[in-house]
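Respectively, the protein sequence lines represent chains A and B. Going by the numbering used here, the residue at position 310 of the first sequence is 310; the numbering climbs one at a time, nothing skipped. Going by the numbering used here, the residue at position 121 of the second sequence is 121; the numbering climbs one at a time, nothing skipped.
Because the hints were derived from the structure by calculation, they are not lab data. The structure presented is a predicted model; accordingly, all values stated were derived computationally and were not measured. Each residue gets a CB set at the ideal place from its N, CA and C atoms; glycine is no exception. Among the clues, some could well be false.
As the list claims (entries may be wrong) - What follows is a set of in silico ranges between Cβ atoms, one per label pair, in the way DEER data are often shown: (1) B/S131 to A/A228: 30 to 36 Å; (2) B/P178 to A/L307: 27 to 33 Å; (3) A/T25 to B/S131: 33 to 39 Å; (4) A/P323 to B/G25: 41 to 47 Å.
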Amino acid sequence: MNASLLRVKAIVIKELLQLSRDKMTFGMVIMIPLVQLLLFAFAINTNVRNIPVGVVDHSQTSLSRILQQTVSATGIITFTHSYHSVKAAQAAIDSNEVRAVLIIPSDVSQRLVRHPSVGFGLPPSSKQETSRPIAQWLVDGSDTIIASSIKSLRNMPLTELLDKPANRNTATFEVTLLYNPEQRSVVNIVPGLVAVILTMTMIMFTSAAIVREQEHGNMEMLITTPLASIELMIGKIIPYIFIGAIQVSIILGLGYWLFNVPFNGDLAQLTLATFLFICASLVLGLVISTIAKSQLQSMQMTVFILLPSILLSGFMFPYEGMPQAAQYIAEALPATHFIRLIRGVVLRDVALVEMSFDMLWLIGFTCLGLLVAALRFKRTLD
Amino acid sequence: MSINMNIGKNDGFAISASKLTRNFGPLTAVSALDLTVEKKTIYGFLGPNGSGKTTVIRLLTGLLKPSSGQVSVLGCHLPQEANKLRLQIGYMTQKFSLYDDLTVKENLQFISRIYGLTPNEQKARLSELLSIYQLNSLSKQLAGSMSGGQKQRLALAAAVLHKPKLLFLDEPTSAVDPQNRREFWEQLFDLCDQGTTILVSSHYMDEAERCHRLAILEDGIKKADDSPQALITNLPAKVVEIEANDLRRIKDNLTKLPQVISAAQLGTHLRVLVKQEVEQPIHFLQQQSYLTKNDKFTLVRASLEDVFVTCTGKGAIAS
Chain A
1 MNASLLRVKA IVIKELLQLS RDKMTFGMVI MIPLVQLLLF AFAINTNVRN
51 IPVGVVDHSQ TSLSRILQQT VSATGIITFT HSYHSVKAAQ AAIDSNEVRA
101 VLIIPSDVSQ RLVRHPSVGF GLPPSSKQET SRPIAQWLVD GSDTIIASSI
151 KSLRNMPLTE LLDKPANRNT ATFEVTLLYN PEQRSVVNIV PGLVAVILTM
201 TMIMFTSAAI VREQEHGNME MLITTPLASI ELMIGKIIPY IFIGAIQVSI
251 ILGLGYWLFN VPFNGDLAQL TLATFLFICA SLVLGLVIST IAKSQLQSMQ
301 MTVFILLPSI LLSGFMFPYE GMPQAAQYIA EALPATHFIR LIRGVVLRDV
351 ALVEMSFDML WLIGFTCLGL LVAALRFKRT LD
Chain B
1 MSINMNIGKN DGFAISASKL TRNFGPLTAV SALDLTVEKK TIYGFLGPNG
51 SGKTTVIRLL TGLLKPSSGQ VSVLGCHLPQ EANKLRLQIG YMTQKFSLYD
101 DLTVKENLQF ISRIYGLTPN EQKARLSELL SIYQLNSLSK QLAGSMSGGQ
151 KQRLALAAAV LHKPKLLFLD EPTSAVDPQN RREFWEQLFD LCDQGTTILV
201 SSHYMDEAER CHRLAILEDG IKKADDSPQA LITNLPAKVV EIEANDLRRI
251 KDNLTKLPQV ISAAQLGTHL RVLVKQEVEQ PIHFLQQQSY LTKNDKFTLV
301 RASLEDVFVT CTGKGAIAS
């Protein structure tokens with residue numbers, strides 16, 4: 001047993017020495033989380049602002065211009081172009097010049113004064129004149145996020161327009177938003193980013209680990225020594241556990257200082273969840289490296305795992321919205337379970353015991369993966 | 001079967017194999033090889049590229065499983081006892097297989113940790129090895145930046161670090177110059193004197209000649225197996241050197257004769273191997289129309305290369 005530990009230690013020291021000589025990889029350890037965090041945290045925003053839109057003003061009155069200013073004041077859209085006809089406006093949407101067009105009819109004033117929202121009481125809905133909207137939006141509906149942002153303007157109040165109290169409807173439901181009341185996307189993205197970046201770097205590093213030894217011919221020497229395959233596997237992943245820990249600290253630290261992502265949870269809980277996920281990812285990389293025959297192949301397989309980890313894990317789109325088949329795939333990915341855990345710990349301060357399914361899943365995945373990798377790794381050249 | 005199970009019980013042999021065969025799909029890389037290697041000797045495998053030398057070494061180190069046949073190395077039956085064997089053998093691969101991005105010292109430290117040396121043992125053994133293999137001044141240099149000869153010394157130091165009883169060397173000198181090769185062999189003789197059995201593969205004749213015993217391999221079949229001197233003495237052929245004009249044409253004509261095993265041009269000479277049954281080789285050659293009495297004929301002593309040529313290729317004769 002002591003000799004076994006010594007052999008694991010030999011591999012760990014060797015990996016650390018090699019890593020310290022490989023400036024590029026060492027740089028990537030720091031740069032990947034740093035740059036990706038800055039990129040994603042600034043770039044990914046589901047609260048869309050300043051969508052470029054056009055206007056077709058058939059009315060050309062002061063009222064129509066005030067209407068435009070009122071809509072513009074919501075901040076959701078910016079009027080960038082003006083068109084003479086609906087046809088020209090549609091051509092502009094086709095050519096992606098604007099995402100939507102507001103069409104103001106010539107009788108906008110009449111429509112407005114009869115509109116229920118300006119406070120003349122609720123008219124019978126059968127009366128066609130009063131149930132007419134005052135203007136029309138023509139939207140490029142292919143992007144659902146843009147479409148729903150403009151749809152949110154459908155019932156916007158027009159109080160300022162006529163300087164009259166609005167005929168407000170009482171809400172059916174009272175909605176209280178916990179954990180992220182300001183609805184900042186970054187709060188949800190930063191913890192998720194930990195999962196994505198760890199998936200990428202951890203799988204990438206270890207998937208190349210065994211293959212590299214084979215490509216450089218070192219394996220032929222290693223298999224003539226008393227080194228057992230499980231010792232080699234464990235020795236290979238230990239250094240990367242520390243690297244994973246560094247990366248997590250960078251992401252959560254910067255998220256806290258730069259983007260004000262709250263850190264509500266317990267540090268020990270976070271460490272435990274992250275440790276389990278790093279192990280699961282490293283082991284997945286090891287399994288890949290026993291299958292791949294070259295470093296190029298191992299890269300291809302890493303990407304094969306990485307894309308669903310980004311798209312299906314709940315990082316970008318809610319898990320609940322996916323069809324059942326996609327949910328099954330998501331369940332198989334370690335990233336899905338970790339995103340649940342880390343969002344739980346960091347944002348909601350959940351005790352991990354309350355999320356024991358995801359914990360046990362990661363532990364099981366690690367053990368099974370280590371077993372598969374050790375069995376697949378052959379000590380003979382057959 | 002019962003006879004074969006006794007293989008390896010004899011203390012005099014480091015390696016004994018019988019009917020050792022290895023197939024790769026339809027290809028037979030090693031075919032029914034019988035082999036015994038005495039302890040404390042240097043045993044050579046001589047053969048052209050692709051003759052199965054590396055495969056034999058891999059079979060004997062337990063890296064490959066035999067398709068059939070019995071093999072016992074240092075009393076361990078392969079492949080069942082391959083793990084037990086690993087602690088007792090050293091293997092220097094054909095291609096440099098240590099880490100290019102580690103220094104000489106780091107590479108040796110790595111190997112000594114793998115073999116479980118204590119820090120004190122490690123320190124003593126490393127300083128010993130560094131001085132034996134003249135690596136002291138290079139100890140902080142990255143292995144990847146060293147010359148072929150230096151890499152080879154490092155590889156040998158790593159292979160013998162745990163003092164193996166049996167050392168396998170797969171074409172150890174293919175990347176080094178003659179001077180380094182000479183020093184390398186002196187180190188091998190030192191190791192042999194200290195009790196190590198060495199099995200070395202090569203395609204260099206001068207190297208093969210230094211071995212205590214030699215097996216000539218071709219297409220996975222053992223063609224000859226004896227001491228280099230015995231092989232030369234027992235060569236079933238006579239060697240004649242011819243000095244004449246237009247050696248090229250003479251050579252082409254001679255090789256058509258059934259009595260001639262081979263003819264090879266060496267500078268201004270033509271070295272002709274004539275079958276043993278031809279009693280008067282010079283007289284026989286002089287009778288050929290394209291050779292005259294004015295040409296110079298000399299009967300010379302056979303070399304290991306002549307043995308090699310006689311055993312392998314088109315010149316092979318059933319012995």
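Evaluated hints:
no. : hint                         : verdict
1   : B/S131 to A/A228: 30 to 36 Å : holds (32 Å)
2   : B/P178 to A/L307: 27 to 33 Å : violated (56 Å)
3   : A/T25 to B/S131: 33 to 39 Å  : holds (35 Å)
4   : A/P323 to B/G25: 41 to 47 Å  : holds (46 Å)
In summary, the structure is inconsistent with hint 2 from the numbered list given earlier, while agreeing with all the others.
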